[in-house]
Each structure stands twice: as C-alpha cells, then as structure tokens.
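Each protein sequence line maps, in turn, to chains A and B. Residue numbers for the first sequence follow the numbering used here, beginning at -6 and rising by one. Residue numbers for the second sequence follow the numbering used here, beginning at 4 and rising by one.
Hints may contain errors.
Said to hold, decoys possible - For each label pair, taking beta carbons as the anchor points, the in silico distance ranges come out as:
1) 17/A with 62/B: 46 to 54 angstroms
2) 56/A with 35/B: 35 to 43 angstroms
3) 47/A with 63/B: 37 to 45 angstroms
Stated by the list, open to error - Covered stretches of chain B (chain A as the covering partner; in silico rule of three or more C-beta atoms under 8 angstroms from a C-beta of chain A):
4) 34 to 42
5) 63 to 69
6) 107 to 114
Keep in mind that the hints were calculated from the coordinates and are not lab data. Note that the coordinates shown come from a computational prediction; the quantities given were computed from them, not determined experimentally. Each residue gets a CB set at the ideal place from its N, CA and C atoms; glycine is no exception.
Take a look at the letters that make up each chain.
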Amino acid sequence: MLGTKLMIAGVERLLAELEALTPGLTAEAVTLQKSIAVETAAAIRAAYPSASGRLRASVQVSRLDSNSPARIFSTITVTAPYANYVEFGTAHTTPTPAFVPNMRIGRERFAAAMIARVKARGLVVGGDLR
Amino acid sequence: MADSGLVDAAVMEVLANDAALSALCPDGVYWGIRPGGSPAPGAFVIVALFDHREEPALAGDTLYEKTNYLVKAVIFSTSKTPARQAAARIHALLHGALLDLTAAGYTAMDCRRLDRVAYPEIDLMNKATWHHHGGQYEVMSYPT
C-alpha cells in the first residue's frame, strides 16, 4: 500500500520571526484569549435553558498545552450528554442555538482584538480575516 | 424595508418543492418544530435559524447578510440510512446553490455547508430511534 507523507518545515521558525516583529504579543494573547473564552462560556451558559443547572454547569474552559511559545490554544467544552439535543433539537423539541453562535462571536472577537494589537505595533494586516 | 424572514421562507420552499426530498421525508418541512408533536413513525425536515449577522454599509444600509440555518432530516427508523440519504439530498439542493430570493427582495450570493449534523435520538416510548441528519448551511445575501 502506498503511503503519502507531507512535511511542512520551518513553521516554528516563521512563528518565532513573527513573534520578534510583535514583541509581547503572545503574552497579551494568552490573557486576552483566556478572558474572551471565559466570557464566551458565560454567554453559552446564559443562552442555555436551565432546569437542574447541570447543562450550564457542564460548560468548561480549558487551556491546552503547546510545545511552542508562539501558539496558544483554548477550548470550550460542554460535557452534558444531552447538549446535542438542546442545541440541535429532538423530534419533539426546538433547537436552541447557544454554543454555535456564541463560539462564532468569541472567535471573531479574539481575531479582531489581535488584529488591533498587531496594527497598534505599526504592522499591516491583510487577507481573508474570517 | 428588507424582510429577512422571507429569506427563511425561500429556503424552506426550495426544500418543500423537491420531489426527491419529499419522497424521503413525506411528512413535510417545518420551521423549528413539527406542529402537534412528532408521532412515530415519521419523516420530516426541520429548518431553524442558528445565527445571523449583518455587514453594515453607509447611511444605515446593509451591505450583506449571513444567515446560518440548521437544516436536518428527522426520520424514525431502525436504520440511519434514510436520514443519511435525505441529508445528502438537502446537501445537493443547498450547497453551492444560488437561491432565487427575488420574491424575498434579496439577491443570493452564496450558500455553503459550514458543518454536518448527525446524531440518534432514542425514543423511549416507541423503543426505536429518531435519526437526525443534515447540516448548518450559511446563506449570504443582500437586500435588492
């Protein structure tokens, strides 16, 4: 069986060069991403209906480890096993969009805030920013 | 004044007027929930508003709108195959389609699937399963 291997070299070096162009940006991004993730989780909780409170309590924010100093990751998870049924509905209940729209808003807020910080350092930002 | 609700209706009309989808989901196309409950067996399509944003232009006008619809087939069956087939038909009708929004007072720019939706729902009353298959479809349009 034939196998294909794709290697992309130099990404970490590129990230290091970008970090050098924007000193302190990664440190700012860590704080910013954390605060936006917490606010996004709060918005998701508020959008969910509440009977026992279990669904709202199951919305969790966590920061993922990265072996690169120039990459940061945060995740928002909803662990209640019936989260799908609430978000997308059942045969007998309406969908309740909460996670999907608020995650979109959170991602866009983070991107906009980062772009503003990059511009504040005198750099130009272009391309498809979706 | 543009009425975004007419775009919702146009999306539902595309689905409701398709013979192949009607054959797979003969109980109809509904907004949000099937009225009067969902007695088993049943096979229908649900359309719901998931997300909406507008790009403002000058003088209070709207440059374009992006609307994210949840569109899914809901089918009571021992197999997920019928729901999967209905979702494939929904995809053929919507993904990449330039919808006719003339009657809604809009011009369509694009329609794309953003994400798939597929999950089973156990019906405890009937000891069988409702299969939900479809996706999130984003319609881009501007008021004509």
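Hint check results:
| no. | hint | in the structure |
| --- | --- | --- |
| 1 | 17/A with 62/B: 46 to 54 angstroms | 40 angstroms, violated |
| 2 | 56/A with 35/B: 35 to 43 angstroms | 36 angstroms, holds |
| 3 | 47/A with 63/B: 37 to 45 angstroms | 44 angstroms, holds |
| 4 | 34 to 42 | holds (count 5) |
| 5 | 63 to 69 | violated (count 0) |
| 6 | 107 to 114 | violated (count 0) |
When the structure is compared with the earlier hints, violations turn up for hints 1, 5 and 6 and for no others.
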